[in-house]
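> Hey, can you work out the whole structure from these sequences and the hints?
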Amino acid sequence: LESELPVDHVIKTQEIDGLLPLASTTLAGSVAVAGAGLSASTATSMTLRSGVIVDALPDHLLWLRLNETAGATTLADSSVFGNDAKGTNITANGQYIYLPTSNATLTAPDIAIPNGVSGLTLAVWFKLTATTTGHTQSLGSIGPGGPIMYVGGDGLLHAFINEGSPKILSSAAVVNANVWHHAAATFDGSNGYLYLDGKLVASGASGPIPSAAQTFNLAGNSSVGFQSYYVDDVELFSTSLDAGTIRNLYSNETLVANLTSTGNGVSCPSDRCPSLSAEGAAFNQTQHLAIDTSNLTFNTNQFSIAIDVQPKTRTYLFNAEAGTHFGVDTSQDWQGVYGYRDPSNDKLIFPSLYVGSQGALRIDMGDGVNSCSYQTGNGIIDFGVEQQVTVSYDGSTFTVYVNGAPQASGAPVACGGVQVPNVSQLYVGRPNNAGYFYWDQVYYKQLSDPGNDNELCLTFDVNSTAAAIWHDYNVADAWETNERYDQLDVSKRITDDAAHWFRFHEDDANTDSCNFNANAGANSDDEFVYKSGLTNATTLGSFQSNFSGCTADCDEGTLYWSLSNEFFVGTLRNLRIYDYALSTLGAERAYNTETFALQMDLDEAPGATVLVDRSGNYFEAGCAGASCPDSGIPGRWNQALRFDGG
Numbered sequence: 001l002e003s004e005l006p007v008d009h010v011i012k013t014q015e016i017d018g019l020l021p022l023a024s025t026t027l028a029g030s031v032a033v034a035g036a037g038l039s040a041s042t043a044t045s046m047t048l049r050s051g052v053i054v055d056a057l058p059d060h061l062l063w064l065r066l067n068e069t070a071g072a073t074t075l076a077d078s079s080v081f082g083n084d085a086k087g088t089n090i091t092a093n094g095q096y097i098y099l100p101t102s103n104a105t106l107t108a109p110d111i112a113i114p115n116g117v118s119g120l121t122l123a124v125w126f127k128l129t130a131t132t133t134g135h136t137q138s139l140g141s142i143g144p145g146g147p148i149m150y151v152g153g154d155g156l157l158h159a160f161i162n163e164g165s166p167k168i169l170s171s172a173a174v175v176n177a178n179v180w181h182h183a184a185a186t187f188d189g190s191n192g193y194l195y196l197d198g199k200l201v202a203s204g205a206s207g208p209i210p211s212a213a214q215t216f217n218l219a220g221n222s223s224v225g226f227q228s229y230y231v232d233d234v235e236l237f238s239t240s241l242d243a244g245t246i247r248n249l250y251s252n253e254t255l256v257a258n259l260t261s262t263g264n265g266v267s268c269p270s271d272r273c274p275s276l277s278a279e280g281a282a283f284n285q286t287q288h289l290a291i292d293t294s295n296l297t298f299n300t301n302q303f304s305i306a307i308d309v310q311p312k313t314r315t316y317l318f319n320a321e322a323g324t325h326f327g328v329d330t331s332q333d334w335q336g337v338y339g340y341r342d343p344s345n346d347k348l349i350f351p352s353l354y355v356g357s358q359g360a361l362r363i364d365m366g367d368g369v370n371s372c373s374y375q376t377g378n379g380i381i382d383f384g385v386e387q388q389v390t391v392s393y394d395g396s397t398f399t400v401y402v403n404g405a406p407q408a409s410g411a412p413v414a415c416g417g418v419q420v421p422n423v424s425q426l427y428v429g430r431p432n433n434a435g436y437f438y439w440d441q442v443y444y445k446q447l448s449d450p451g452n453d454n455e456l457c458l459t460f461d462v463n464s465t466a467a468a469i470w471h472d473y474n475v476a477d478a479w480e481t482n483e484r485y486d487q488l489d490v491s492k493r494i495t496d497d498a499a500h501w502f503r504f505h506e507d508d509a510n511t512d513s514c515n516f517n518a519n520a521g522a523n524s525d526d527e528f529v530y531k532s533g534l535t536n537a538t539t540l541g542s543f544q545s546n547f548s549g550c551t552a553d554c555d556e557g558t559l560y561w562s563l564s565n566e567f568f569v570g571t572l573r574n575l576r577i578y579d580y581a582l583s584t585l586g587a588e589r590a591y592n593t594e595t596f597a598l599q600m601d602l603d604e605a606p607g608a609t610v611l612v613d614r615s616g617n618y619f620e621a622g623c624a625g626a627s628c629p630d631s632g633i634p635g636r637w638n639q640a641l642r643f644d645g646g
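Okay, so the sequence shown: first residue is 1 according to this note's numbering, each after it adds one.
The set of hints was computed from the structure by calculation and includes no laboratory data. No false leads were mixed into what you were given.
When the alpha-carbon atoms are kept at most 30 Å apart in a straight line, the in silico DSS-like pairs for lysine-lysine are as follows:
id, residue 1, residue 2
1, 199, 167
2, 492, 445
3, 492, 312
4, 445, 531
5, 127, 167
6, 127, 86
7, 127, 199
8, 492, 531
9, 347, 492
10, 312, 347
11, 347, 199
Cβ-Cβ distance ranges computed for the label pairs, FRET-style:
id, residue 1, residue 2, range
12, 343, 471, 23 to 29 Å
13, 424, 396, 24 to 30 Å
14, 606, 205, 41 to 47 Å
Positions of the beta carbon are idealized from the N, C-alpha and C atoms, including for glycine.
The structure is reproduced here in structure tokens:
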């Protein structure tokens with residue numbers, strides 16, 4: 001039976017509870033009304049209404065967040081079904097529970113399994129105090145005919161459906177102690193799948209799904225010994241969750257860096273450190289942070305990286321002529337948010353994120369043999385505004401999320417064969433340590449040599465003919481009446497943070513040479529342009545270096561050159577790296593858990609004593625008896641609380 005209260009206007013609907021059938025019977029073939037237990041049936045009225053939504057029953061049958069304070073023995077079920085658990089000899093602390101002895105138990109009875117469900121999933125967070133103990137450590141059982149999950153005396157994770165001849169799923173590796181893990185076992189009536197920390201560790205045939213009411217139990221086992229351990233967030237679903245949803249339940253970063261200070265794997269040279277504060281790291285195109293990533297592996301060829309980005313327009317754009325020479329896109333100015341490119345292998349690229357001046361995003365990646373890129377359209381990102389940018393890659397497809405919402409997706413063919421590399425460090429504030437020197441052209445207003453045969457050299461770091469990056473031993477004279485521009489079009493890409501120099505000079509030695517010598521008397525060389533102390537972050541920009549002078553001969557002109565980089569300008573914070581591809585739900589949660597410390601919708605049903613935080617941080621507010629406000633009161637959007645001042 002269903003009753004309805006008259007309302008004048010429905011602003012918004014939200015399901016706050018579900019009704020299970022109290023009884024059912026199966027009718028097949030030609031069945032008389034009496035077959036359904038009815039003596040008569042008459043239709044008296046029928047009403048059709050627009051806007052009626054009939055929701056399926058929630059599949060979240062049990063959710064024990066275990067956030068109760070010390071001394072609690074009743075542990076609230078945050079699902080709509082209210083199957084609160086009873087704890088015996090457990091220790092609660094407001095975050096999780098501790099099972100210190102073999103007689104510690106956690107029990108939630110009478111969990112109804114809806115008719116016709118096609119699967120079950122049991123999931124739990126846990127931390128062992130020891131492993132391979134020879135003792136079984138229960139992670140939950142649904143009985144009498146549901147799933148059972150535990151860490152065995154062998155230290156392996158196990159799960160099965162409790163039937164006559166159980167088919168046990170087992171992990172291949174021992175579960176290490178003193179670290180929080182997420183375990184999940186899913187069953188669809190034919191097959192079972194066992195996950196540890198978001199990754200599938202076993203699969204195989206399983207038994208049937210039970211249909212009778214079940215009891216959840218988690219307890220020590222005194223008959224085979226006991227080892228204390230910790231438990232948090234127990235969940236039971238009336239469906240076999242897929243791998244992506246399991247990852248969302250796990251949703252654990254393999255690396256987190258707030259970018260508010262150094263330490264804990266975050267470092268920078270003293271002269272390259274950005275300004276660090278609670279607001280994040282502020283970069284000015286000359287600074288960077290280095291993140292230790294030596295413990296990260298991407299064996300599944302997936303990753304997700306989330307970071308808060310507030311880009312600003314760079315003062316020193318990448319020189320357009322240099323971009324053409326180096327093959328760097330300058331249709332918009334690209335600055336690197338994070339990344340790493342091996343100095344000795346240009347195709348070994350840890351996923352590197354760039355922001356374009358027109359609001360596009362680009363990701364470069366390479367495994368040392370092959371490399372590829374994915375670029376979004378313009379307008380994905382705004383300048384001067386902080387946004388969380390999450391890049392997710394599942395082995396073939398990139399998905400870009402901004403503030404938790406998908407904005408772009410693509411599967412470049414070239415990336416299909418590229419393995420995500422493992423590297424020892426990741427830069428933040430720059431995608432690489434490269435500086436791009438480019439010498440475009442030289443203008444000669446006056447250039448003379450007694451033999452009308454000028455020998456000109458451009459050397460970099462080393463004063464030698466062999467190391468010269470450009471030379472021409474047969475440059476014709478130039479005068480004011482026949483001044484000219486000569487194209488150089490030469491470059492040098494440095495991949496370090498060291499200081500460098502270059503020299504543009506005329507050789508006046510008896511024999512052609514780029515060995516600069518200013519102390520050879522009449523044969524002393526003429527130094528046109530000399531620049532030192534040049535790094536990948538200093539003396540950035542495009543320059544016109546004038547030269548003039550008369551010694552044995554007279555020379556006057558201008559050297560056109562530039563120094564560019566791809567470093568970032570703006571503020572970055574909250575870097576998170578995952579070794580798997582976040583789903584849309586996972587990316588949304590990654591954004592919400594960062595943005596909202598507490599989000600109370602206050603939409604609980606009448607009589608609620610537990611009010612749930614929906615930020616993803618899993619807080620709860622509680623009350624008891626007369627101290628509870630009235631819940632389920634019509635509110636601005638859905639429900640509201642009413643306080644009577646008492």
